[in-house]
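The task is simple: from the sequences and hints, build the whole structure.
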Amino acid sequence: NAGVTQTPKFQVLKTGQSMTLQCAQDMNHEYMSWYRQDPGMGLRLIHYSVGAGITDQGEVPNGYNVSRSTTEDFPLRLLSAAPSQTSVYFCASSQRTVNSPLHFGNGTRLTVT
Amino acid sequence: AQTVTQSQPEMSVQEAETVTLSCTYDTSESDYYLFWYKQPPSRQMILVIRQEAYKQQNATENRFSVNFQKAAKSFSLKISDSQLGDAAMYFCAYRSDPNAGGTSYGKLTFGQGTILTVHP
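So the sequence lines, in the order shown, correspond to chains A and B.
Under my numbering, the residues of the first sequence are numbered 3 to 115, in order.
Under my numbering, the residues of the second sequence are numbered 75 to 194, in order.
Some hints could be false.
[Stated by the list, open to error] Quick partial rundown of chain A residues pointing at chain B, CB under 8 angstroms, derived from the structure: (1) Tyr-33; (2) Met-43; (3) Tyr-66; (4) Val-90.
Honestly, the hints are just simulated from the structure, not real lab data.
None of the values given here were measured: they were computed from a predicted structure.
Every residue, glycine too, gets a C-beta built ideally from N, C-alpha and C.
Following this line, the structure appears as structure tokens:
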């Protein structure tokens, strides 16, 4: 059982470049989300989805796009990378019940120069 | 919007001793869940313990227990008999009930984290 698979593990971009962080889960979870982790700020929600075809913005959505065409996949797109987007990114999924913990991917360390 | 605050950026404890990590939250919701996650240097996020707001009994998982004070909106984590492997960043998190209406959709909100150091 793979759980949440997140790729790549590391990425270096130049300012203005675009890229997609991939996230896939094999647990048939309705809820999927993307967080960024920065020192002293914990994990902040970027975008989330409660099912295929449904997405919504989190706390820090600017500069990022998401789509959810299938239950399994929830890619995060950086449209035009900026140094402020240097961070560690986590994808997480869960069942859509209040007591369900999030299952996390292993994270992507992104550096924008 | 819900907020979660961890007021201790860093804590330390001697091996075999007990340490308590603090967490407070702000919400107007009546049903929700609270979680503690552990993040070791490997960056992996590991669920430590969870507590339902409607349950008065404090959750316990082996050496980990919580002190849940709903009226005070406080949710502290106690680690007993600390071990070197407990050294990590610990995050407190709040989850809204996705079926209670509104627009929260069961989002998970995290605190800023507490770095725990365990001294041998």
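Structure-based check of each hint:
Evaluation of the A:Tyr-33 hint against chain B yields a held restraint, the C-beta minimum of about 6 angstroms falling below 8 angstroms. Here the hint on A:Met-43 is kept, as its CB sits about 6 angstroms from the closest CB of chain B, short of 8 angstroms. Taking 8 angstroms as the C-beta contact cut-off toward chain B, the hint placing A:Tyr-66 at the interface is violated, the least distance being around 16 angstroms. Because the smallest distance between the Cβ of A:Val-90 and any Cβ of chain B comes to about 7 angstroms, under 8 angstroms, the interface hint for this residue holds.
Of the hints listed earlier, the one the structure fails to meet is number 3.
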